[in-house]
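Engineer: Going by the working numbering, the residue at position 366 of the sequence shown is 366; the numbering climbs one at a time, nothing skipped.
Warning: the hint list may mix true and false statements.
[Unchecked claim] List of simulated lysine to aspartate or glutamate pairs, EDC-like, C-alpha gap at most 16 Å:
id: 1; residue 1: Lys174; residue 2: Asp126
id: 2; residue 1: Lys189; residue 2: Asp233
id: 3; residue 1: Lys176; residue 2: Asp245
id: 4; residue 1: Lys174; residue 2: Glu96
id: 5; residue 1: Lys58; residue 2: Asp119
id: 6; residue 1: Lys354; residue 2: Asp382
id: 7; residue 1: Lys402; residue 2: Asp297
id: 8; residue 1: Lys189; residue 2: Asp119
id: 9; residue 1: Lys354; residue 2: Asp401
id: 10; residue 1: Lys402; residue 2: Asp350
id: 11; residue 1: Lys354; residue 2: Asp297
id: 12; residue 1: Lys121; residue 2: Glu41
id: 13; residue 1: Lys58; residue 2: Glu30
id: 14; residue 1: Lys176; residue 2: Asp235
id: 15; residue 1: Lys354; residue 2: Asp381
id: 16; residue 1: Lys80; residue 2: Glu41
In short, the hints are calculated from the structure, not lab data.
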Amino acid sequence: MTRPRSSKLFLIPLVLLLFGTLGIEARASELVGHVYVQTNETQNRIMHFGRNADGQLKLLESIPTGGAGSGVFKPISGQKSAPNAFEGAGSVILAESNTLLFTTNGGDNSVTSFRVSPDGKLTLIDRQPTGEPVIGRSGTAKSLAYRSQSRTLYVLHAFGPNHLRSYTVAEDGKLKLRPERASVSTATKTDRVATQAVLSPDGRFLLVDILFDARPAVNPDGSPNLVVANAPDPDGLVIFPVRDDGALGEASFANAGGAGPFYIAFLNRSRDTFLNGFAVGDGVLVSRINGEGRVTDGPLAPIDTALGKPSELCWLQVTSDNSLVLATNFGYGTVSTYRLVDGRLSLLQDPANKTIPGDGTFRAVNGLVSSGPSDSWLTPDDQYFYQIFGNAQVLVSYRLDKTSGRLTEIGRNPIPYNSTQGLAGF
Numbered sequence: 001m002t003r004p005r006s007s008k009l010f011l012i013p014l015v016l017l018l019f020g021t022l023g024i025e026a027r028a029s030e031l032v033g034h035v036y037v038q039t040n041e042t043q044n045r046i047m048h049f050g051r052n053a054d055g056q057l058k059l060l061e062s063i064p065t066g067g068a069g070s071g072v073f074k075p076i077s078g079q080k081s082a083p084n085a086f087e088g089a090g091s092v093i094l095a096e097s098n099t100l101l102f103t104t105n106g107g108d109n110s111v112t113s114f115r116v117s118p119d120g121k122l123t124l125i126d127r128q129p130t131g132e133p134v135i136g137r138s139g140t141a142k143s144l145a146y147r148s149q150s151r152t153l154y155v156l157h158a159f160g161p162n163h164l165r166s167y168t169v170a171e172d173g174k175l176k177l178r179p180e181r182a183s184v185s186t187a188t189k190t191d192r193v194a195t196q197a198v199l200s201p202d203g204r205f206l207l208v209d210i211l212f213d214a215r216p217a218v219n220p221d222g223s224p225n226l227v228v229a230n231a232p233d234p235d236g237l238v239i240f241p242v243r244d245d246g247a248l249g250e251a252s253f254a255n256a257g258g259a260g261p262f263y264i265a266f267l268n269r270s271r272d273t274f275l276n277g278f279a280v281g282d283g284v285l286v287s288r289i290n291g292e293g294r295v296t297d298g299p300l301a302p303i304d305t306a307l308g309k310p311s312e313l314c315w316l317q318v319t320s321d322n323s324l325v326l327a328t329n330f331g332y333g334t335v336s337t338y339r340l341v342d343g344r345l346s347l348l349q350d351p352a353n354k355t356i357p358g359d360g361t362f363r364a365v366n367g368l369v370s371s372g373p374s375d376s377w378l379t380p381d382d383q384y385f386y387q388i389f390g391n392a393q394v395l396v397s398y399r400l401d402k403t404s405g406r407l408t409e410i411g412r413n414p415i416p417y418n419s420t421q422g423l424a425g426f
């Protein structure tokens with residue numbers, strides 16, 4: 001007679017399977033980082049997402065900034081509703097070893113500071129006006145840069161006359177507006193439109209990209225009238241020397257290397273080498289700035305523009321080893337990837353992701369219906385990439401294959417329609 005096997009023997013593999021699976025899921029759901037985005041609604045908020053080990057995002061909190069965004073209104077173009085409201089980048093940034101977060105409030109021209117706790121939670125510290133009046137329906141404060149050496153926070157406005165204002169940031173994160181102000185306009189170009197302000201890694205220079213040499217207008221037939229910067233005049237990159245106390249010296253004007261310069265990204269661990277992305281030039285190039293603030297440019301590496309020009313290539317992310325560059329194409333609704341070897345760019349995947357459709361109501365400058373992708377962020381380990389698609393109302397999470405340069409979608413999180421902008425994380 002065969003002796004029956006103990007039921008415990010059957011339970012052991014079942015228990016191991018159950019708890020083993022739960023253990024894998026638990027590890028995948030552990031928070032390993034945090035991602036922050038501003039809604040840019042008329043009552044502006046910061047959406048704080050927890051980032052899991054598998055790259056998925058989970059909304060943890062939504063904190064009012066105390067300031068106003070522009071909502072769905074687009075101040076640059078005057079459109080009643082369109083994505084990428086301020087044609088800018090860096091509207092949400094982290095500073096002081098990720099213990100402070102700053103955000104613009106473009107609607108009322110103010111800046112808000114938050115304390116970031118070790119678990120990523122936000123506590124509002126202060127909100128202060130930029131000192132520039134709001135004329136019309138919305139202000140245009142949009143891009144931030146922080147200089148730790150002098151605890152100076154710079155805020156860039158799309159429109160002048162005073163494009164740049166600054167604050168002194170106290171130890172407790174409170175903001176004190178400084179009296180200095182600066183313009184990126186010239187004697188003959190008095191109404192230029194700036195996109196982004198970036199500090200050189202050593203804090204000696206503040207670089208500003210200029211998208212338009214005059215504020216956009218509308219032709220009698222309804223088409224846009226755009227006076228694109230750096231085309232043909234080679235002065236689309238503005239360079240301010242920065243003094244020890246954070247004050248800006250006299251601006252110099254340099255050739256950005258392409259039409260419609262939009263986004264600057266310094267290479268990791270480099271003091272002098274940076275990338276520039278061109279909204280109308282439809283590509284990326286490598287530039288270098290020397291100790292005197294003079295810039296030299298490499299050749300422009302374009303993407304495929306068979307769909308129509310311009311592609312409005314704008315936002316850039318660089319992998320930690322400087323081997324791969326991800327470029328967001330606002331007009332196409334896609335992301336392209338480049339390989340970077342010995343200072344030379346070559347197109348790798350174009351596009352690298354599947355096109356994300358919007359709701360069909362928004363057309364880019366090239367006439368294509370677009371979902372209006374804008375700000376992006378890449379994790380420090382280069383594994384995951386996050387992209388705002390404002391007209392599609394989603395923040396899309398991707399897994400990045402560094403060998404092929406391809407992006408594989410792994411998740412989506414809802415965000416406010418058209419208004420959302422700015423991404424930062426750790």
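Engineer: Evaluate each hint against the coordinates.
Structural biologist: Results for each hint:
no. : hint            : verdict
1   : Lys174 x Asp126 : 5 Å, holds
2   : Lys189 x Asp233 : 11 Å, holds
3   : Lys176 x Asp245 : 14 Å, holds
4   : Lys174 x Glu96  : 13 Å, holds
5   : Lys58 x Asp119  : 14 Å, holds
6   : Lys354 x Asp382 : 19 Å, violated
7   : Lys402 x Asp297 : 26 Å, violated
8   : Lys189 x Asp119 : 47 Å, violated
9   : Lys354 x Asp401 : 14 Å, holds
10  : Lys402 x Asp350 : 14 Å, holds
11  : Lys354 x Asp297 : 32 Å, violated
12  : Lys121 x Glu41  : 21 Å, violated
13  : Lys58 x Glu30   : 11 Å, holds
14  : Lys176 x Asp235 : 32 Å, violated
15  : Lys354 x Asp381 : 23 Å, violated
16  : Lys80 x Glu41   : 14 Å, holds
The structure shown violates the earlier hints numbered 6, 7, 8, 11, 12, 14, 15.
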